[in-house]
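> Sequences are here, hints too, so could you generate the full structure?
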Amino acid sequence: IGHNSNECIDNISADTVLNVMTERYTEILRKCRPQLQLLLFQSQGTSLEHFKDEFTDRSTFMVQEWFARLKRRVPEAQVNITDFFVHINTVWLFTVIEEIISHNISDDDAKHIFHEYGTFQMLGWGAMLNVDPRWFMTRV
Numbered sequence: 012i013g014h015n016s017n018e019c020i021d022n023i024s025a026d027t028v029l030n031v032m033t034e035r036y037t038e039i040l041r042k043c044r045p046q047l048q049l050l051l052f053q054s055q056g057t058s059l060e061h062f063k064d065e066f067t068d069r070s071t072f073m074v075q076e077w078f079a080r081l082k083r084r085v086p087e088a089q090v091n092i093t094d095f096f097v098h099i100n101t102v103w104l105f106t107v108i109e110e111i112i113s114h115n116i117s118d119d120d121a122k123h124i125f126h127e128y129g130t131f132q133m134l135g136w137g138a139m140l141n142v143d144p145r146w147f148m149t150r151v
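In this text, residue positions in the sequence shown follow this note's numbering: the first is 12, and each later residue adds one.
What follows is a set of in silico ranges between Cβ atoms, one per label pair, in the way DEER data are often shown: (1) Asp26 to Gln55: 35 to 41 Å; (2) Pro86 to Ser113: 42 to 48 Å; (3) Asp119 to Arg84: 34 to 40 Å; (4) Phe72 to Thr27: 24 to 30 Å; (5) Gln89 to Arg35: 26 to 32 Å; (6) Pro86 to Gln48: 43 to 49 Å; (7) Gln89 to Lys42: 36 to 42 Å; (8) Ser54 to Glu87: 41 to 47 Å; (9) Ala79 to Asp118: 32 to 38 Å.
List of simulated lysine-lysine pairs, BS3-like, C-alpha gap at most 25 Å: (10) Lys63 to Lys122; (11) Lys63 to Lys42; (12) Lys122 to Lys42.
Calculated directly from the structure, the hints in this document are not laboratory data. Note that the structure is predicted; figures quoted are calculated from it, not measured. Here a beta-carbon is modelled for each residue, glycine too, at the ideal position from N, C-alpha and C.
This is how it looks when you write it as structure tokens:
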């Protein structure tokens, strides 16, 4: 199933995936904003000082595994994405969270921002991978 497919699989839509992601990010922010501020801005000299780097490295590895699964299921997928591009996309999520916190964005506005971020990521990755994002968001 390539980029032009409109198939909806297993009654799960990309909109559902996007909405769940948006709700989870918003919930984490709502429940853990003070802890995230400590982690992201004040962890120097602690055991969590390198959390972002370690998380980013692990995420890069997991995304590359996901690319391999995608390629097995969708041979026409273009998965020759550099580790560094995956890396900067993971860092971008941290930047979004840091900016929301540092600018004291409300939870409601943050929810909208997370939805925009998710939409951009979903459509961007679909274009980069040459796969309909409505499909890969729900199948791989």
